[in-house]
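There are 2 protein chains.
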Amino acid sequence: MRHIDERGLMQRWIAWTWLCAVFLLAGCAAPQSRTGADLASWNDGPSRAAIVDFVKAVTQPGSPDFVPADERIAVFDNDGTLWSEQPMYFEVLFAMDEVRAQAPSHPEWKTTQPFKAVLEKDNAALAKSGHQGLMTLIAATHTDMTVDQFAQRVNRWTQTARHPTTGMAYTSMTYLPMRELLDYLRANGFKTYIVSGGETEFMRPWTQAAYGIPPEQVVGTSFVAELQTVDGELQIMRLPKIDLVDDGPGKPVGIQRQIGRRPILAFGNSDGDLQMLEWTTAGPGKRFAGLVHHTDARREWAYDRQSSVGRLDKALDAARAQGWTVVDMEKEWKQIYQSEKP
Amino acid sequence: MRHIDERGLMQRWIAWTWLCAVFLLAGCAAPQSRTGADLASWNDGPSRAAIVDFVKAVTQPGSPDFVPADERIAVFDNDGTLWSEQPMYFEVLFAMDEVRAQAPSHPEWKTTQPFKAVLEKDNAALAKSGHQGLMTLIAATHTDMTVDQFAQRVNRWTQTARHPTTGMAYTSMTYLPMRELLDYLRANGFKTYIVSGGETEFMRPWTQAAYGIPPEQVVGTSFVAELQTVDGELQIMRLPKIDLVDDGPGKPVGIQRQIGRRPILAFGNSDGDLQMLEWTTAGPGKRFAGLVHHTDARREWAYDRQSSVGRLDKALDAARAQGWTVVDMEKEWKQIYQSEKP
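Protein chains in written order, with our numbering: chain A, 37 to 378; chain B, 37 to 378.
In case anyone wonders, no lab produced these hints; they're calculated from the structure. Any given hint could be a false lead.
Any copy, or any two copies together, can satisfy a pair, since identical chains are not distinguished.
[Claimed, not checked] No farther apart than 30 angstroms at their CA atoms in a straight line, the calculated lysine-lysine pairs in the DSBU-like style are these:
1. K350 x K370
2. K277 x K370
3. K367 x K152
4. K350 x K377
5. K92 x K322
6. K322 x K377
7. K377 x K146
8. K92 x K227
9. K227 x K146
10. K157 x K370
11. K152 x K377
12. K350 x K227
13. K322 x K227
14. K322 x K152
15. K322 x K370
16. K367 x K157
17. K322 x K157
18. K157 x K227
19. K277 x K322
20. K157 x K92
21. K277 x K367
Source: prediction; values computed, not measured.
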């Protein structure tokens, strides 16, 4: 055995344990700092308190309401809950932008409704085309192409399109307080999902960057798809046939299909989220249901019971009857979009 | 300021850093030891080497084939890949056991095919009922009940039923080397999924315990479901209508629907997995495709091109043509089931 200098060994050992301690602290620092202080854009109001109380109750070991980390499933509606939805769902604005972009390849659209109405900006004719017209627009701009082709169109749109009244990129119109809430939940061991009436593949290209939510945690309305060989390559082709309408009573079905267990926290903003909130709170143990209430006409939009987009009527009654958390955007959010001066 | 004994402080500091180091080592020990040595039931053969080489290539920072952790999606067929599938798919054996268990409530089954054949153990009549008969059996035992009711039946069956020839519980007939492979991949940052022709809700009640795979990472064949109020409670009702056949060309569709990105590793054992393996390997960058080849008539079953269950024919040709990994169970697995003496 070689001679080893005892003092040098001791010094190296101290250095090594010190290095280990530093790494340990670095590893633990992030979770330890997530105690609610990170909900920086939330005023100290009833909603923030309810959220923090709930998260403490289900995460503190020894709490009577403790929930193991792998069962901490949190689901969020998207339109009006994580980003804005006025003057109409952004996905409909995408479809109309796409009709304009693709029009040169579709001369027949000049004389066919509802495409004609979009190209001529004839809102009366567009409204007259109704739900069927909307579905025609969505199918024409979302299907008969591969998943990859559609993702490219969505990416081009999120990078270039601007909102008609704010002039902002659509993915800048996400709510900062809700993004903080997603971060806060994940830091507390929750798995965060989107459960939206929007189409799944319309959201997947940008939800990781916008919300930290990966493709496999996006549940939405979907089209039937099929494996095909296109130009010698395997492709998933999107067919113009609805697979699941992930809205209203379809949301618990979408949750069961893709997640396979009941969430313990759900957030929505409209009657389309009612069944998701009911489904979540009907499970055993402590549960959290939240509604974003659009009360801020100055910084965003103010609407609820009478709105044609994002109507909040029955779900607001249910929230009040059952003590769900209703977030008053105007009073409870210091800041709505990242770009605002706080 | 109080007087502090310098030597005592030093000792406490050393004790503290030592404690930190111990915690650090405890936290890091599991991942650090996962370098392939954990594939303890795999002989040092070509398959083990190919797996370890692939995992090293995609996980080592600086490797030209490095893949970020969140894109390390690994998909596994279930029947014949993670557990046995002879003399027929275990889910079919479950359906037959269920017909016998539920027969007292269905007197009409005594005179109606294919139920009559099951109750009389008339295999010739059962075979004669063909694919349609099988679908009738599956629908009658899987649907027209809530997701919770079905899960209870599956749980009772996995706890009490025994395989007709081995006498083992079905969930004991999982392959130890594949369970080690799942652990090894997860320890290396992979997210592991089941992508099976089996029905999703038939698998979800037991995949966490059997494989460490949670409900949200189970992709399978599915029935249409619907939210209903049953006895005053919201329930997800399973309807007797197929939603997705997650087999053959349906597997890449199921992967896109539930995961939304292309796997970098796929494992199967039959022609039903061919498109999943092709879809996986057709993506850019380094990919891994593996097939479990049932070559061990003594410890399990030996079958491939002529088998009516789990036929491995076209996929075996594709594997040989494209250099996919074909696992020779007899030669490459030291042990098949946990219960065997190694």
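What hint numbers does the structure not satisfy? 2, 3, 4, 6, 7, 9, 10, 11, 14, 16, 17, 18, 19, 20, 21
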